[in-house]
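Q: Residue numbers (my numbering), protein chains in the order written: chain A, 6 to 198; chain B, 6 to 198; chain C, 6 to 198; chain D, 6 to 198.
Possibly wrong hints are sitting among the right ones.
Remember, identical chains collapse to one label, so a pair may be satisfied in a single copy or spanning two.
[Stated by the list, open to error] Simulated crosslink set (BS3-like; lysine-lysine; CA at most 27 angstroms straight-line): (1) Lys43 x Lys31; (2) Lys31 x Lys108; (3) Lys151 x Lys73; (4) Lys147 x Lys8; (5) Lys151 x Lys8; (6) Lys108 x Lys8; (7) Lys151 x Lys31; (8) Lys8 x Lys73; (9) Lys147 x Lys31; (10) Lys43 x Lys108; (11) Lys43 x Lys8; (12) Lys8 x Lys31; (13) Lys129 x Lys73; (14) Lys151 x Lys129; (15) Lys151 x Lys108; (16) Lys73 x Lys108.
Simulated from the structure, these hints should not be mistaken for lab results.
Model, not experiment: these values are computed from the prediction.
One letter stands for each residue in the lines below.
4 protein chains.
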Amino acid sequence: MTKTRLEAFSDGVIAIIITIMVLEMKVPHEASWAALEKLWPVFVSYVFSFLMLGIYWGNHHHLIHSIKEVNGGVMWANLHLLFWLSLIPFATGWMGENHFEAKTVAVYALLLNLCGVAYYILLKVIQNCNRNNETFRHVLVKQSRKGMLSMVLYTVAIPAALLHAAIGGAITILIAIMWLLPDRNIEKAEREH
Amino acid sequence: MTKTRLEAFSDGVIAIIITIMVLEMKVPHEASWAALEKLWPVFVSYVFSFLMLGIYWGNHHHLIHSIKEVNGGVMWANLHLLFWLSLIPFATGWMGENHFEAKTVAVYALLLNLCGVAYYILLKVIQNCNRNNETFRHVLVKQSRKGMLSMVLYTVAIPAALLHAAIGGAITILIAIMWLLPDRNIEKAEREH
Amino acid sequence: MTKTRLEAFSDGVIAIIITIMVLEMKVPHEASWAALEKLWPVFVSYVFSFLMLGIYWGNHHHLIHSIKEVNGGVMWANLHLLFWLSLIPFATGWMGENHFEAKTVAVYALLLNLCGVAYYILLKVIQNCNRNNETFRHVLVKQSRKGMLSMVLYTVAIPAALLHAAIGGAITILIAIMWLLPDRNIEKAEREH
Amino acid sequence: MTKTRLEAFSDGVIAIIITIMVLEMKVPHEASWAALEKLWPVFVSYVFSFLMLGIYWGNHHHLIHSIKEVNGGVMWANLHLLFWLSLIPFATGWMGENHFEAKTVAVYALLLNLCGVAYYILLKVIQNCNRNNETFRHVLVKQSRKGMLSMVLYTVAIPAALLHAAIGGAITILIAIMWLLPDRNIEKAEREH
Numbered sequence: 006m007t008k009t010r011l012e013a014f015s016d017g018v019i020a021i022i023i024t025i026m027v028l029e030m031k032v033p034h035e036a037s038w039a040a041l042e043k044l045w046p047v048f049v050s051y052v053f054s055f056l057m058l059g060i061y062w063g064n065h066h067h068l069i070h071s072i073k074e075v076n077g078g079v080m081w082a083n084l085h086l087l088f089w090l091s092l093i094p095f096a097t098g099w100m101g102e103n104h105f106e107a108k109t110v111a112v113y114a115l116l117l118n119l120c121g122v123a124y125y126i127l128l129k130v131i132q133n134c135n136r137n138n139e140t141f142r143h144v145l146v147k148q149s150r151k152g153m154l155s156m157v158l159y160t161v162a163i164p165a166a167l168l169h170a171a172i173g174g175a176i177t178i179l180i181a182i183m184w185l186l187p188d189r190n191i192e193k194a195e196r197e198h
Numbered sequence: 006m007t008k009t010r011l012e013a014f015s016d017g018v019i020a021i022i023i024t025i026m027v028l029e030m031k032v033p034h035e036a037s038w039a040a041l042e043k044l045w046p047v048f049v050s051y052v053f054s055f056l057m058l059g060i061y062w063g064n065h066h067h068l069i070h071s072i073k074e075v076n077g078g079v080m081w082a083n084l085h086l087l088f089w090l091s092l093i094p095f096a097t098g099w100m101g102e103n104h105f106e107a108k109t110v111a112v113y114a115l116l117l118n119l120c121g122v123a124y125y126i127l128l129k130v131i132q133n134c135n136r137n138n139e140t141f142r143h144v145l146v147k148q149s150r151k152g153m154l155s156m157v158l159y160t161v162a163i164p165a166a167l168l169h170a171a172i173g174g175a176i177t178i179l180i181a182i183m184w185l186l187p188d189r190n191i192e193k194a195e196r197e198h
Numbered sequence: 006m007t008k009t010r011l012e013a014f015s016d017g018v019i020a021i022i023i024t025i026m027v028l029e030m031k032v033p034h035e036a037s038w039a040a041l042e043k044l045w046p047v048f049v050s051y052v053f054s055f056l057m058l059g060i061y062w063g064n065h066h067h068l069i070h071s072i073k074e075v076n077g078g079v080m081w082a083n084l085h086l087l088f089w090l091s092l093i094p095f096a097t098g099w100m101g102e103n104h105f106e107a108k109t110v111a112v113y114a115l116l117l118n119l120c121g122v123a124y125y126i127l128l129k130v131i132q133n134c135n136r137n138n139e140t141f142r143h144v145l146v147k148q149s150r151k152g153m154l155s156m157v158l159y160t161v162a163i164p165a166a167l168l169h170a171a172i173g174g175a176i177t178i179l180i181a182i183m184w185l186l187p188d189r190n191i192e193k194a195e196r197e198h
Numbered sequence: 006m007t008k009t010r011l012e013a014f015s016d017g018v019i020a021i022i023i024t025i026m027v028l029e030m031k032v033p034h035e036a037s038w039a040a041l042e043k044l045w046p047v048f049v050s051y052v053f054s055f056l057m058l059g060i061y062w063g064n065h066h067h068l069i070h071s072i073k074e075v076n077g078g079v080m081w082a083n084l085h086l087l088f089w090l091s092l093i094p095f096a097t098g099w100m101g102e103n104h105f106e107a108k109t110v111a112v113y114a115l116l117l118n119l120c121g122v123a124y125y126i127l128l129k130v131i132q133n134c135n136r137n138n139e140t141f142r143h144v145l146v147k148q149s150r151k152g153m154l155s156m157v158l159y160t161v162a163i164p165a166a167l168l169h170a171a172i173g174g175a176i177t178i179l180i181a182i183m184w185l186l187p188d189r190n191i192e193k194a195e196r197e198h
């Protein structure tokens, strides 16, 4: 029962974060193609952040779906994750408005890294109160493996972005692709369960 | 269970999109009828987009209500639909602020076309994991017939809007009316089921 | 099942409308009491609209709670209500920013009247598919009696506000008070049911 | 059943409040560290308010989870709480933009005090319709003890902030820490129940 409300609250916050981001795409005052064209960096960063938040929502969904027990620790670890996610519209807007300037890409990668760390902490906190849960163990193994790899790559992406924005950006895109590749095993485990 | 969360998340995002749009109607600083009157194109485009999002919500509701199975593919196809829907406030604001200028109507029709394509993809992805489901088949037949007709009409509306905004607008309104005409059959099938 | 999603969507939209309104209270750039004081009309109109939306949420809650059947007509009548409610932040902001100028109070009363009409339509549409439902009949009798009285009073409040803002405002406040007075009978009927 | 909708609505409003606050952190137009640095007071006040709203959400969750009966009085007491919570983004933005100027900290402490009073009223209203409920009694004892202490401390914090912003701020932070210290007993009582 408690789990339902945690899901509802997380869904609400992620849904709002994802939709609020579009407010950074300020409506141009003229009806020219040029005015629309000028928005492309804001648009591209919006698309990417939408994708990242979609990945988080999907993973969060799989994770919470696999567990039964939720306690105060899980609630706080979850709020901690939502806190960092809530900063994504800000970092997205800053990066978009400044046309992927090196510093903004580095800050964006740093923020995604912090989101990753927060997700990892959530995984560990959940692990503490969900021992002897086979479905969760499958999710945990997959997600913490990918999670750890992401954190390493983000940590590389931050200084890389400061050297050259495109390299930092490429690594960040690579991480997103890695998460998009499906983990058939998780779904299989869930179904068997 | 998974289905419930997909619904909750979609409802959340659509509810936010629909409500955020009203923020484009900037509160005028003077208390004159003239100041209010100047807002009419923003208001008209708001009304129309509200209607379109209402149609999407209704159809989405019928669609998800008719199915039992939800998998990773459905989640992503759903997110893809929500992505295009999330751009509606932007296109609405641009069209309204520029008094239905030809280019803005064309972009608006293009966006609605992309939403339609995304909805069609969602239908197809759901079809893959919901075979032998009579209720869904009814929804699918109705929605994909109307959906395909919409896509053809939108594709005509885009160049038509560039020639003359009013023609593009008229076609777009026509499509909305087509969706508003009730499909008694769907509800009947659901009830029988 | 369908009813649940109608509730969830309505809750979402009303929750967003209520919270978005606070964005009209622009944060003052100076830290002086004077800067805060200047906000009082915006604050007062926010308080009142919050109250009105709370009343609508409560009534909507009682209404939907009392019924079993929901169909396409109810969904559209509900969306129609949400449409007018979604304009409340705009009317609130306009009235607050212009210090309750006659025209803004009249428009505000007009909007509340339209919300009332939309609610009344919703009642009637629900009535069509919920015959032989004792609990709903109780809600219907109470809400349509108060509803009709409200519509009469709002219709008086609109020209009254144009003559003198305070009279229109007073009538509007009176209507809110009328709705706040509890209907013990409804809750009793629900409990007995 | 009614309880579920109260939870859903509260979750929605709190989720929106928490996420809307981030909009006060205006995206800087330049990509410099200096531009980012200038945002620190806005960021710090955002972090603190996020924490406070997280505490409220957690407590609200525990509270509603422990009860069975919900009536009209609870609905209004809950809306009253949500009203004061909805002003947190405003007070947060004002405090952040004015670099924790004495008056803004005092107003912030005053608002948190009013939120505390509203929560206390909610506790009392719930108590009236949930007698003979052992789980609720545990929550009540803990939360009203901490609640009363908070109200005393906030009442001290308001004039203290006017004398020196840092003292008022320190007391406010102290209260947050007090709420973060876990009440193992509540969770235990819930589990036993």
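Q: Taking the hints in turn, state whether each one holds.
A: Here is what the structure says about each hint:
Proximity of Lys43 and Lys31 under a CA criterion of 27 angstroms is satisfied in both settings, with 11 angstroms inside one chain copy and 20 angstroms between copies. For the identical chains of this complex, Lys31 and Lys108 are neighbours both inside a copy (22 angstroms) and across copies (17 angstroms), given an alpha-carbon limit of 27 angstroms. Proximity of Lys151 and Lys73 under a CA criterion of 27 angstroms is satisfied intra-copy only: 23 angstroms inside one chain copy versus 30 angstroms between copies. Within a single copy, Lys147 and Lys8 get their C-alpha atoms as close as 22 angstroms, and across copies as close as 23 angstroms, so both meet the 27 angstroms cut-off.
Taking CA atoms no more than 27 angstroms apart as the test, Lys151 paired with Lys8 passes in both settings, with 25 angstroms inside one copy and 26 angstroms between copies. For a Cα distance limit of 27 angstroms, the shortest separation of Lys108 from Lys8 qualifies neither inside one copy, at 39 angstroms, nor across copies, at 41 angstroms. Proximity of Lys151 and Lys31 under a CA criterion of 27 angstroms is satisfied in neither setting, with 35 angstroms inside one chain copy and 33 angstroms between copies. Proximity of Lys8 and Lys73 under a CA criterion of 27 angstroms is satisfied in both settings, with 8 angstroms inside one chain copy and 18 angstroms between copies.
Taking the closest pair of Cα atoms, Lys147 and Lys31 never come within 27 angstroms of each other, the shortest separation being 39 angstroms inside a single copy and 37 angstroms across copies. Both within a single protomer and between protomers do Lys43 and Lys108 lie at most 27 angstroms apart by alpha-carbon distance, with minima of 20 angstroms and 16 angstroms respectively. With identical chains, the CA atoms of Lys43 and Lys8 are never at most 27 angstroms apart, being 44 angstroms at best within one copy and 39 angstroms at best between copies. In this homomeric assembly, Lys8 and Lys31 never come within 27 angstroms of each other (Cα to Cα): the closest approach is 37 angstroms inside a single copy and 34 angstroms across copies.
For the homomeric pair Lys129 and Lys73, the shortest alpha-carbon distance inside one copy (15 angstroms) is at most 27 angstroms, but the shortest distance between copies (32 angstroms) is not. Taking the closest pair of Cα atoms, Lys151 and Lys129 come within 27 angstroms of each other only inside a single copy of the chain (14 angstroms); across copies the shortest separation is 30 angstroms, beyond that limit. In this homomeric assembly, Lys151 and Lys108 come within 27 angstroms of each other (Cα to Cα) only inside a single copy, at 26 angstroms, whereas the closest approach across copies is 44 angstroms. For the identical chains of this complex, Lys73 and Lys108 are neighbours neither inside a copy (42 angstroms) nor across copies (47 angstroms), given an alpha-carbon limit of 27 angstroms.
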